[in-house]
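Chemist: Work the whole structure out from these sequences, hints included.
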Amino acid sequence: MDIIASLGLGFSVALDPINILYCFIGVLLGTLVGCLPGIGPTATIAMLLPITFSLSPAGALIMLAGIYYGAQYGGSTTAILINLPGESSSAVTAIDGYQMAKQGRAGQALATAALGSFFAGTVATLLLAFFAPPLARAALNFGAPEYFALIVLGLLVSIALAHGSILKALGMIVLGLLLGMVGQDIYTGQPRFTFGIRELYSGLNFVSVAVGVFGVAEILRNLEDEKSRDVMVKSVKGLWLSMTDFKRIIAPVLRGTVLGSLLGVLPGGGHILSSFASYSAEKRLSKTPEEFGRGAIEGVAGPESANNAAAQTSFIPLLTLGIPAHPVMALMVGAFILQGITPGPNVINDQPALFWGIIASMWIGNVLLVLLNLPLIGLWVKMLSIPYRALFPAIVLFACIGCFSINQNIYDVYAIGFFGVVGYVLIRFGCEPAPLLLGFVLGPLLEEHLRRAMIISRGDPMVFLERPISATLLGLALLAVIIAVLPGIRQKRKEVFVEED
Amino acid sequence: MKKTAITLAAGALLASMAFAGSAFAQDYPTKPITVVVPFSAGGPTDTVARLVAEVMSQDLGQQVVVQNVGGAGGTLGAGQVAVAQNDGYTLLLHHIGMSTAPTLYRSLPYDPTTDFAPIGLITSVPMTLVARKDFEPNTMAELLDYVKANGEDITYAHAGIGSASQLCGMLFMNAVDAQMTTVPYQGSGPAMTDIIGGQVDLICDQTTNTTSQIQAGEVKAYGVTSPERLGNLPDLATTAEGGLELEIGVWHGLYAPAGTDAAIIERLEAALQVALANETVISRFAELGTVPVTAEEATPAALTETLTSQIELWKGVIEAAGVYAD
Amino acid sequence: MAVSNFSTKDLVSGAMFVAAGAYFALEALNYEVGTAFRMGPGFMPLLLGCVLAALGLGVAANGWKKPDTERPLSPPWRAMVLIIGVIIFFGATIRGLGFVPVVLVSSFAAAMASRLNSPVFALLLAVTLTVLCTAIFVVGLGMTVPWFGPWLGM
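From first to last, the protein sequence lines are chains A, B and C.
For what it's worth, our numbering labels the leading residue of the first sequence as 1, then goes sequentially.
For what it's worth, our numbering labels the leading residue of the second sequence as 1, then goes sequentially.
For what it's worth, our numbering labels the leading residue of the third sequence as 1, then goes sequentially.
Read the hints as simulated data drawn from the structure, not as lab findings.
The beta-carbon is built from N, C-alpha and C at its ideal position, and this holds for glycine as well.
This list has only true hints and no planted wrong ones.
Have a look at the derived ranges for each label pair, beta carbon to beta carbon:
| no. | chain 1 | residue 1 | chain 2 | residue 2 | range |
| --- | --- | --- | --- | --- | --- |
| 1 | C | Leu29 | A | Ile250 | 49 to 57 Å |
| 2 | B | Gly316 | C | Val33 | 25 to 33 Å |
| 3 | B | Ala270 | C | Val131 | 37 to 45 Å |
| 4 | A | Met243 | C | Leu26 | 56 to 64 Å |
Far from chain A, some chain B residues (derived; all Cβ distances over 12 Å):
| no. | residue |
| --- | --- |
| 5 | Thr30 |
| 6 | Lys31 |
| 7 | Gly61 |
| 8 | Pro102 |
| 9 | Asp111 |
| 10 | Thr114 |
| 11 | Asn138 |
| 12 | Asp145 |
| 13 | Glu228 |
| 14 | Arg229 |
| 15 | Pro234 |
| 16 | Ala263 |
| 17 | Ile265 |
| 18 | Ala295 |
| 19 | Ala301 |
| 20 | Glu305 |
Modeler: Spelled out as structure tokens, the structure:
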């Protein structure tokens with residue numbers, strides 16, 4: 001009953017008209033910047049921090065939180081419409097979402113993203129309200145060995161990201177892992193693969209790589225032969241989901257929500273895995289896996305739900321323990337402090353109105369997002385009727401400006417060009433870019449956790465098997481490999497039999 | 001909402017005025033001033049910068065915009081300001097790392113002592129020595145014995161090469177004369193997470209990151225590295241009280257590029273002093289576990305003095321430890 | 001042709017993997033490999049570089065007796081030069097020339113990457129995009145970049 005009373009308190013704060021307004025401004029801004037590549041939630045929150053000085057703490061934090069999950073939502077829009085993912089999570093949405101758009105089903109893809117996110121957001125908010133403290137405690141059991149095992153599992157399961165050759169997908173993952181190692185080694189400070197350029201010390205920028213291998217590479221492909229090629233959209237086939245579509249997305253949304261909620265709680269990089277993991281799971285469980293990568297609606301529904309659920313539950317470590325799970329959460333710590341509140345385990349007791357107000361506002365924010373985005377779908381889809389020859393220069397410009405604005409680092413801009421060419425060449429020779437991006441985001445984490453686990457265990461690799469959670473995760477990884485390889489073996493045996501006959 | 005809209009509109013207006021024409025020192029400032037913070041937004045240094053910038057804006061009558069240029073342990077942002085136009089519209093707010101970089105980075109493209117015109121010190125954030133909840137020693141005396149006895153079996157976490165927690169660790173190991181196993185992290189957040197989760201043993205980190213955890217009993221605290229006890233942690237003894245000679249503060253300073261007009265420096269110094277006497281700044285600083293420096297210290301002379309003496313100090317410590325960042 | 005038995009796609013992508021893997025592995029030899037206790041900065045790149053090179057060989061071998069069926073389109077050289085050129089131009093001049101001139105020139109050149117765009121159309125598009133981008137990024141989002149940069153003496 002206590003929680004009901006607390007939620008009541010939360011809603012009384014969140015339903016204050018002023019706070020609803022801030023929440024609306026937050027999600028609106030978030031949606032808009034989410035659509036623009038590069039200018040992500042981090043940059044926006046940083047730019048808006050000075051303005052929040054003059055607001056009440058609840059209003060300020062509700063607005064900033066709104067920007068964050070609003071941006072998660074908006075990010076899928078450009079990924080679907082023009083294959084330009086602004087964040088790791090929307091890179092997965094781009095795989096099937098963009099294909100759907102090409103087939104004239106952009107409306108359905110956007111609607112799926114909106115509904116899936118809304119459902120996931122609602123469930124994650126409830127989780128946050130009822131189980132935040134115990135979940136955060138449980139997440140603390142994850143040390144370096146557990147994260148290492150989790151990432152290995154994620155990598156092996158994600159071979160499913162590719163719809164072509166498994167070998168090529170593995171190659172792209174490893175190439176991504178290697179690209180992720182560019183920059184200063186955090187253990188020794190040794191700069192690696194930087195060609196002596198200081199701007200590369202902090203590594204390649206994810207947005208540059210993503211925008212390059214997805215966005216720019218796609219533009220180059222579309223310009224290959226403009227006359228004979230049907231660039232962009234066939235006629236738009238309705239905007240709304242059919243009954244069949246609805247039936248197809250229910251299970252993926254549910255699974256995505258569960259997966260995302262759980263991974264989001266882990267402060268050491270769990271949220272990054274959520275959308276990739278959900279996509280892999282859906283492809284594995286699908287009766288028609290060959291549709292994935294060619295416009296399968298499940299490939300949008302699952303990852304979008306997982307992503308939004310993780311975005312919401314990644315507030316759990318921050319709100320209950322004062323631990324930021326990723327850079328945006330670190331920025332939220334700064335916002336708390338500027339408001340005179342030090343985030344930590346005491347916030348829930350010292351500032352109950354603020355704590356519950358933020359949680360309640362997340363649900364309201366999700367309602368606002370759906371109300372805002374469903375009517376916008378028609379508008380977005382109309383945007384696709386802009387001729388491609390006018391659209392692509394805008395995409396190139398937005399990509400450059402967006403990437404430059406993140407750190408004012410011109411090498412981030414050069415990287416778009418480099419990875420545009422790399423992406424184009426790789427795609428031309430039959431390698432898909434999605435596994436490369438997964439490897440890229442997970443590479444640094446894989447190395448960091450492996451080396452930390454080895455330091456803490458003093459060089460004893462048995463640590464991965466002695467700790468129950470990491471042993472279980474590694475066992476699952478082994479199982480995933482066996483399942484992936486088995487059908488191949490079975491088929492080979494069949495072939496052998498045929499030949500013997 | 002109205003306020004937000006006005007602020008946004010004002011910001012846009014200011015931004016457009018910024019390009020109206022060049023300015024003379026006597027009517028400085030005529031356009032928004034950029035303060036480069038060489039770390040990512042949301043960190044302790046960024047927070048200090050934003051608090052101070054807000055009040056300086058009011059005093060200068062121009063927006064003071066914080067710009068985060070992170071990377072390469074703070075040397076990227078500092079390097080950018082070193083070569084920026086010295087017209088007083090690009091400043092640098094950097095911490096103790098300004099004095100360690102010349103030793104940590106053997107190929108630093110700028111010289112902290114000659115490429116900058118110091119404006120003044122801002123604050124010195126104390127550090128706290130904390131451990132996971134169930135770490136054996138309970139008092140500072142026990143800790144010192146324990147470290148001497150167990151040395152490399154203890155894991156010491158720090159926030160990365162050149163971070164304050166790494167520097168404090170070096171000083172601590174020097175003072176105790178024992179080596180622990182150091183475990184680097186990517187920033188303070190993940191390091192504290194593993195301390196709270198009991199994955200590693202010990203860390204010495206800024207009060208900004210530790211105060212709330214100490215108050216909530218999530219970590220075991222042994223001492224604070226300031227000369228006096230802190231207002232919001234009155235029960236925590238200083239390191240000196242505990243018998244450990246370890247005094248370190250993460251001092252922050254404000255700089256302009258070298259060759260900036262003296263009149264401009266004076267104007268900025270005055271604005272800084274006003275900001276440091278502001279009540280909001282003082283109360284927010286208090287919650288970070290720190291206090292603004294006195295008006296005498298918020299001067300170019302005091303900052304120059306601190307910078308040169310700290311460069312000397314860290315040169316010795318870092319060279320002795322043999323730790324380099326490149 | 002000798003390679004007609006091979007899939008060119010597989011052969012080339014395999015070769016690229018081998019080259020990339022070799023680069024990372026060889027470069028990693030310059031860094032310390034370390035021990036199991038304290039792995040050095042060279043350990044992971046060396047290991048992964050070798051894995052990548054091995055995978056590359058596998059990919060190439062996999063193309064044996066599977067010649068490509070479709071003929072690839074010729075690469076869009078003009079678009080590649082223009083678009084990559086625009087990106088490099090943008091990075092190299094954004095600080096010096098300032099936002100407005102850079103966006104204007106860049107969008108014009110980018111638009112010319114399509115053979116379907118006439119210079120007049122490209123110019124119109126460039127002006128529209130410049131107004132739009134300045135409004136969104138500089139005015140709206142308060143990006144800290146000058147409208148006209150120091151190279152123009154302003």
